[in-house]
Each structure stands twice: as C-alpha cells, then as structure tokens.
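Residues per chain are reported as follows:
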Amino acid sequence: MFRELMQTAGLQMWAEIGLVAFCVAFGAVVAYVLHMTPKEASDAARIPLEDEEVTR
Amino acid sequence: MTTTSMQTVRYDDRIVRWFVCATVLWGIVGMLVGVILALQMAWPAANIGEYLTFGRLRPLHTNAVIFAFAGNAIFAAVYYSTQRLLKTRMAHGALSWTHFWGWQAIIVSAAITLPLGLTQSKEYAELEWPIDIAIAVVWVVFAVNFFWTLKKRREKHIYVAIWFYIATIVTVAILHIVNSLAIPAGLFKSYSVFAGSHDALIQWWYGHNAVAFFLTTPFLGLMYYFLPKAANRPVFSYKLSIVHFWSLVFLYIWAGPHHLHYTALPEWATTLGMVFSVMLWMPSWGGMINGLFTLRGAWHKLRDDAVLKFFVVGITFYGMSTFEGPMMSIKSVNALSHYTDWTIAHVHSGALGWNGFIAFGMIYWLLPKLWKTEIWSKGMANLHFWIGTIGILLYIVAMYSAGVTQGLMWRAFDETGRLAYPDFVETVVQLVPMYWVRVLGGCLYFIGVLLGGVNMVMTVLKSPGRLEDTEVQVPAPDWKPDVRISSNIDDTLNSLEAATKSGRHRLLEGWPLVFTVLTVAGISIGSVVEIVPMLLVRSNVPTIRSVTPYTALELEGRDLYIREGCVGCHSQMIRPFRDEIERYGEYSKPGEGVYEHPFLWGSKRTGPDLARLGTKYPHLWHVRHMEDPRSTTPPSLMPAYPHLLSNTLDLGSTQTKLDRMAMLGVPYSIEEINDAEATARAQANEIADEVVAQGGPDGLADKEIVALVAYLQRLGTDIKKREGGASADLGGQ
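In the order they appear, the protein sequences are chains H and A. Heads up, the first sequence is in the working numbering, so the first residue is 513 and it goes up one at a time. Heads up, the second sequence is in the working numbering, so the first residue is 1344 and it goes up one at a time.
If we strip away everything but chain H, and leave its shape as in the complex, we get (with noise of 0.2 Å):
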C-alpha cells in the first residue's frame, strides 16, 4: 500500500530533478577542465612540492 502511495503522490519528478542537476553539474566541471592549459595543470600540481623550495 505505502509503495502505490508513494507511486501516485508524484516523487518521481524530485528523482529526476537530481539527476539532471548531476548531469549539469558534472558537465561544467568537464568544461572547466577542458579549458585548462596544461601548463596551468602542472603549476597546480606542483604547489604542495613549492614550500620545500621556500624553506631555509
């Protein structure tokens, strides 16, 4: 009974709504990181190995 409950009160939409806001989301960030030059990718990556440089 609970389940044809849930079934008719119209939930399914919110299920929906969080899939297509998974897929918006996931891609900008592919997009973001498409527009990323290599270059920028490796200074990035380099930046916890910089504080050795910088140490006395």
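It is worth saying that the hints were derived from the structure and are not from the lab. Heads up, some of the hints might be wrong.
[Unchecked claim] Derived lysine to aspartate or glutamate pairs resembling EDC-like cross-links, with alpha carbons at most 20 Å apart:
(1) K1495(A) x E562(H)
(2) K1805(A) x E1717(A)
(3) K1499(A) x E552(H)
(4) K1947(A) x E1925(A)
(5) K1499(A) x D555(H)
(6) K1715(A) x E1814(A)
(7) K1674(A) x D1922(A)
(8) K1572(A) x D1355(A)
(9) K1572(A) x D1647(A)
(10) K1572(A) x D555(H)
(11) K1499(A) x E562(H)
(12) K1959(A) x E2033(A)
(13) K1712(A) x E1811(A)
(14) K1947(A) x E1466(A)
(15) K1712(A) x E1814(A)
(16) K1712(A) x E562(H)
(17) K1572(A) x E562(H)
(18) K2064(A) x D2045(A)
Given the structure of chain H, go ahead and fit chain A onto it with the hints provided.
Below, chain A without anything else, positioned relative to chain H:
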C-alpha cells in the same frame, strides 16, 4: 625585470605535534576497545560488569576510532598542510588551542558517558545533547580559524587538498546539526525530533556522509598533499583531481538511503541512493588512480620507505572499499549482505586499511619533520606495516566468510519448504571460529599500532630539546587587489579579464567564499531532493489506528534498551522477504514507527530481529534470559545483564519524558502525563506478579527488569490488535 619581495612566515608546528600525539594515543585506546569487543563476540564471559558490556563499549569503539583517532589525524593534516599550502601561519593560536583542548575534552566526555549508558543510540551520533552542542561549538572554532587563515593566505590559488578540507568543514557542520536535533528530557537524556522512517532517513543521510565527509574527503585532502610530498612527485593529474572533487561532493550526499533497502522507507528513496552509490564508483576510482599514479617513477622507493608502503596499501584499500560499497548498495547484493558481518568487513577494510594506513603513513612522514630528528626505528615502522597488513587481511577474510555464511543460512530453506535453520542461534554457532580469527587479526593490527606508538615516543625522546617553529621565506602576495570601488565599468572589466587569464577554475579557487558556496550548493541539492519529499509526505505516512504510544513503563523500558546498546546487535526491521517473514513474522510497516523517537531499526543482527518479539515468550523467560542468556539459549553469545534484576527502577523523570514526547507530537493526554509514575508502578506490579506466578523470583516490581520486559512484550504487537481498523492496513505494500 621585476623583483619579488620576500616575507618571513613561522608555521605553527606545535599544534600539529599535539594533534599527532593525540592521534596515536586515541588510536591505541580505540583499537584496544575494538580488540576487547572482538573478544566479547567470541567469548561472552569477556563482558564484565554493568559498564563494559558489548552494547555499551561498541559506540565507545566507533567514536574513539572515528572522532578521536581519525579526527585528530585529520586536524594534524589540516593544520600542517593548510599553513604550507597557503603560505601563512594559522590565523589565531588561541583558536587552534581551543580547538585542540575542546576536541580532547569531547573525547574524554564520550569515554565517560558511553559506558555509563548515556546515549542517543543513533550510530556515530550517540553522544547526548550537551556534548553535541560542545561538538558544534568546537567545530565552529575550527571553521573560523580555518577560513580566517584562508583569508590571510599568501598563495592565491587554493590547492585541491584545501578544497577537500572546505567540503569537510561545511558538510560535517550541516550533517551534525540536522541529525542532532533533539529535545532534552534531562541533562543526559534527549529524544530525536524525528520519528520512525523520517528519523531513519535523516540518520543514514548523516551516517553515510559521516563516512563520506569525515573519513573520506579529509583523507583525500591528506592524500593529495602528503603523497606528492612523500613521493617527491606532483599529483598525477590536476584535471582529474578537479573532476574527482566535484563529482564526489555532488554524488556522495545522495547515497545514504542504500543503508535502508527493503525497509519501511519509500522505494524511490532507496533506489535513488542505489543509483548514486553506483555512480560513485567512477570518481572514487578516479581518486585512487590519481593517487597511485602519483607514484610514477617512484615505485622503487617502496622497497625501503615505510611511508610510501602505508600510502600505497591505504589507497588500494580505498579502491577496494569504494568498489565494494557501490556493489553492496545494489539491492540484490544488499539483500544478502545487510545485517551481516559482511558490512563489518567492508567497514574495517575502509577504516583499518584506508584511514588507519593513510594516517600512519602521514605520521611517519611527519615525525622527523616535526621533531627535527631521524625516525627512531625504520625497521619497526616497516614491521608495523607488515603486521598491520596481515592483521587487516585476517580480519576482513574472517568477516567476509562470516557475513556470507550468515546471509546464506538465514535464507536457506529445506526440501519441505521450511527454514533450514529455524533457530537463529544455529547460525550464530557457525560463526564463532571466524570470530576467533577476527580476534587474532585485530590483535595483530593493535600490536602494529602499539609499535607505532613506541616508535613515536622514542623519536620524540631523541629530538633536540627546544623545538622552534619552522621559519620560511615566501614571496609577498602581489595578487591581492586593492580594496576600492572601480571608478568605471572599464576598470572592472579589465580587472576581471586579468583575473581570468589564469583559467576559470583557478579564478574560482581564488575566491574561497564562492568556492565554499558552490560546495554547499553541491551537497545541498542531494540533501534537499531526498529529505524534503519525505518530510512533505509526512501526513501521508499510512497511520495504523491500532498503533498507540508506549505506556509510561514501556517507554522507560525502551530507554533501558537504548542505554544497554541492544540496537547494536538486534534489528527491529523485518524486510519483506519470505525467509524473514517465516522467521520473525509480518514485515515491518512505516506506520508502526510514528512514535519511535529515535528509530531503533538497527543495522546488524548478531542476535535475531526483535520487531515482533512481543508475547512470543512469557515474562519469566525474559527475566531469565536477561539474567543469563545461556540459561535459556545455551550457545548464545549475548552478554548477561544481571544488574537489571538488582538496579532500582528510576521513575523520577518519567513524567518529563512523556511530556517531551507529547511536545514531539506523540498523543499523550494530560492525565497520562500527570499520572505517568503511578501508572508505571501499577504496570510494574502486574508484571512482577506474573513473573512470580510463572515460578520466577519475587521482589522485581521496583527493578529495571520489569520495564525492559514491558517494552519487549510490547514490540510488534500493535498491528496484531484487531480492534481499531488495523487489519485494513495490513494488506501489504
């Protein structure tokens, strides 16, 4: 040619040293309690006295390992790496020390209150409301210190590790506050504001994301900083780290309902949890690959370097756990694995392998740097690694075997169509050898942790006496804009153009506030989509008219059930499977939980489900069973609770408890609240008289056992009442 002016920064290493010491200390304590629990599961005589039973120690173990051991490791990592990644000292020393001592005080208060039975019973959120408030305050202190440091940074761009820290700080705050919403019924007693299936959804939204945002994201931040340092290689793919971060943050928050498959939770919610759990596979493995590939060209170092050994095996366990987790979230797999020791194996491969090894890898890397000396014994560090690895493997292999054995035995039918193992204890007996293997594995891991502790103490002892903070020269920040309003739109556009030249995501990283807001938005979407519909349909949860509130005595009995931690071993949620209905009775309905503050569905069946226990046995059976479970069920592994027969039942706050329940919407009348103590006494006398009539001991009317018996005899009986139209609601889902 331009010259960059340099500035001197002194990093606060003292706070990091203290967090490292606290990590090791609480690691020893938490894992020692784990070994004791493993022993109690194999040999019930190891349950000693009233305060050291399995039910009371289990939350102590989980809290000690998660919040004390892993928590202090996280803070050590954050305080060490944040200062260096942002090239600035922590914003305020007093806030750092308030954070440190506040967190240790919370841990100590947990270590005192949990064995005393002061618990809310919600997994990984057991601590009572005053401690919950303290956690929120200390977390805010941490957050203020962290974001203030972010504000005064000298490095413009925020490295990936910091993103994970930001996600941890904001999400843990949200999870903790929402899940801890409770109404006090005394200084150390409270009731969750949510009930039944709503409480279950909120709890597992919290519970799963405690794993995600306390045991995963901060450790990934830790990995992204310390692994490149240890390997002396930049992270394999910065681009992959961006995808890893955003996908993980967005997806993880949805996955909680996979803990509630086939329960009285809407199917759409559990399906949503399952789908997003399976999708989590990809970012998780992306992170694992990013970690392992960071070692490109440095694999030869593994031969001698204990730090890299810990990291590599830790990341491998991360990959295993994040493969297994989505697999277990698939409904057909979950039908077998849920409530069994398979879950225990999964949890410990993550906790011991991922969290434990990553934490110790970090500690072994930090020791020489923080105490400015060589590590005392590299051989002992390598021994720690090997003995720990063998310990984990023994532990998880034993628990996988036990879990699959349990699951298959519970659902087995013979050729006549009846349960092959109708007596639950038959399945328990089969597991005892595997429980002993777990004791062995746990002991080995614990010995490894002890070796780590000895190595740390000896390293500290041979360090130079006075330890100065690390002082470095860093470039002065030339990127901080002047704080002034642009006189015209052209200036504004020019500055925006200059800012975007280094890439849009890096621009985003330069705006921590915007970054944080987007992170909050990411986690909020999943939370809102899952939780809001559930709360909106609250009025539509099918009420069963025969389901009525507990009597005053039953409510007291329920609180004793919570106090003793019975929920750690007994579920109260019968799934709609043939074998479960055959074994326990009618499957559980959402409407049965409308007055359950908090819900007590449980997540593990070391003992049988109790949802339909009421009236199955006479009162005397329960009295004997609680006094000594072996007297009624000889092979039982359950602890004995003789103190329930000697402790005086305290009804001094019963009226307050009913009053608080009424505030939460439980329909108690004014008369019922005012007469709570008297009616409880009357029911206690009736039960005590029946126990005597059944040949039991006299004088139990004012003892705790009568309240517990009253509660147990009530379980699952409401839907059996024919009056009140209940039968109409039993037609199945």
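Are there hints from earlier that the structure breaks, and if so, what are their numbers? 18
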